[in-house]
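Top line first, the protein sequences correspond to chains C and B.
When you line the first sequence up against our numbering, it's residues 1 to 231, in that order.
When you line the second sequence up against our numbering, it's residues 1 to 231, in that order.
Do not rely on the hints blindly, as some may be mistaken.
Quick list of simulated restraints, FRET-style, between CB atoms [as the list claims (entries may be wrong)]:
#1 Asn72(B) to Tyr69(C): 39 to 47 Å
#2 Arg195(C) to Tyr42(B): 47 to 55 Å
#3 Pro199(B) to Asn47(C): 41 to 49 Å
#4 Thr185(C) to Ile125(B): 30 to 38 Å
#5 Ala124(B) to Asp156(C): 47 to 55 Å
#6 Ser67(C) to Arg43(B): 31 to 39 Å
#7 Thr214(B) to Asp156(C): 16 to 24 Å
#8 Arg226(C) to Lys136(B): 21 to 29 Å
#9 Thr21(B) to Asn47(C): 28 to 36 Å
#10 Glu46(C) to Val66(B): 52 to 60 Å
#11 Glu182(C) to Lys136(B): 55 to 63 Å
Hints in this document: simulated from the structure, not taken from any laboratory.
All C-beta atoms, glycine included, are put in the ideal place defined by N, C-alpha and C.
Spelled out, the chains give:
There are 2 protein chains.
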Amino acid sequence: LTKEYALIVAGGMGTRFGSPTPKQFLELRGKPVLMHTLETFYRYSENINIVLVLPSEAIPVWQSLVSEYGFNHDIRIVNGGTSRFQSVKNGLKVIHGQALIAIHDGVRPLVTPEMIGESFRLAAIHGSAIASVPLKESLRVVEDQDKAHARSSALDRSRYRIIQTPQTFQGDLIKRAYETDEDQTLTDDASVAERAGFPIHLFQGSYENIKITTPEDLMIADALMRRTDSL
Amino acid sequence: LTKEYALIVAGGMGTRFGSPTPKQFLELRGKPVLMHTLETFYRYSENINIVLVLPSEAIPVWQSLVSEYGFNHDIRIVNGGTSRFQSVKNGLKVIHGQALIAIHDGVRPLVTPEMIGESFRLAAIHGSAIASVPLKESLRVVEDQDKAHARSSALDRSRYRIIQTPQTFQGDLIKRAYETDEDQTLTDDASVAERAGFPIHLFQGSYENIKITTPEDLMIADALMRRTDSL
């Protein structure tokens with residue numbers, strides 16, 4: 001029997017945001033961003049097993065938010081590491097047995113239950129299912145970045161994909177992949193799995209599935225959610 | 001004496017939008033999107049020379065909006081072509097003499113006067129100045145796109161740039177570049193200039209400088225403008 005897990009990475013302390021509140025805890029339409037994200041996974045399935053990775057110093061803050069908002073769910077909380085890579089690795093350690101694991105950014109509250117379901121379905125077939133979208137704008141590659149006037153060249157944007165989360169994997173596969181050493185080029189879970197030689201299967205994410213990393217992103221998320229609420 | 005021109009391309013009839021109103025005419029915070037864009041160029045400089053390229057069937061609509069909103073500016077209107085490439089080419093034909101030309105999408109109302117100024121300043125020095133931003137998310141390249149399970153590979157996203165407008169050029173340079181034949185790979189003005197062998201100089205655009213192509217984009221633009229208004 002295969003169990004479905006969501007490994008939610010909410011590791012950052014949000015130093016980029018210019019706000020003392022870590023960005024995963026900022027309020028969006030009446031509740032913390034991270035709570036929206038978790039609720040969407042429960043809307044997908046009440047039986048999903050959630051592993052939430054938080055920086056240790058953020059755990060008491062989260063616990064007070066949980067009681068303030070009456071957010072009563074049986075979530076396994078794990079201490080984050082010094083990087084996203086280490087945080088995911090810590091989260092994977094508590095998952096055992098035959099599993100499908102959707103790794104997802106805590107600050108992507110606009111993921112939908114449909115997208116989550118699609119990622120589990122496809123990962124069961126292909127080993128992995130990575131949300132991605134085509135580029136809407138032109139793309140260039142820069143050469144000699146260190147030079148004052150870097151040369152750049154036009155690319156055929158139809159061949160490129162912007163990568164989002166969820167990134168969903170068969171449990172054995174992603175756990176084995178994360179046995180590798182961390183390095184700077186491993187910016188997401190798909191690149192870790194690719195490094196280990198596993199096939200990467202992309203599926204269609206959504207332009208609305210944004211990552212909240214700036215105050216502007218929070219306003220954009222608010223506008224997109226307001227629209228969804230009114231439909 | 002060098003004159004500064006803005007060549008505003010508002011060519012699309014917005015079939016993607018599911019709205020009978022072409023997207024450049026949709027209302028955003030009390031006025032058409034295109035009017036916001038043009039006003040930002042006038043905020044940069046009252047003396048800028050604007051060439052506005054519109055599909056011929058949209059010109060009467062625009063003229064009625066101009067009188068409805070009392071938008072009194074001396075703008076040269078040019079008929080659009082069958083593609084963005086042809087529209088830009090038509091616009092360039094009416095510009096003569098020593099010029100710097102900022103080519104800009106009519107549906108990017110969130111460009112700022114500062115960005116426009118920077119593009120003119122840098123194009124005077126380097127021949128071109130192309131607004132661009134780094135990628136915030138991971139990027140993959142797809143091989144064998146036609147196959148059901150396309151293979152893809154992780155890329156080092158720090159080497160890539162998303163391209164926006166304004167794309168500003170010395171007039172002689174971009175007019176000569178547009179003498180080339182149109183083809184599908186020429187998705188923006190920088191790729192046309194590159195094809196002709198001219199140097200491409202990138203400068204820092206802004207994540208807020210979005211292109212409005214969907215109803216969601218219109219909501220996002222509204223949210224971003226509301227923030228700017230309240231600062």
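**Message:** Name the hints, by number, that the structure is in violation of.
**Reply:** Numbers 1, 3, 5, 6, 9 and 11, in rising order.
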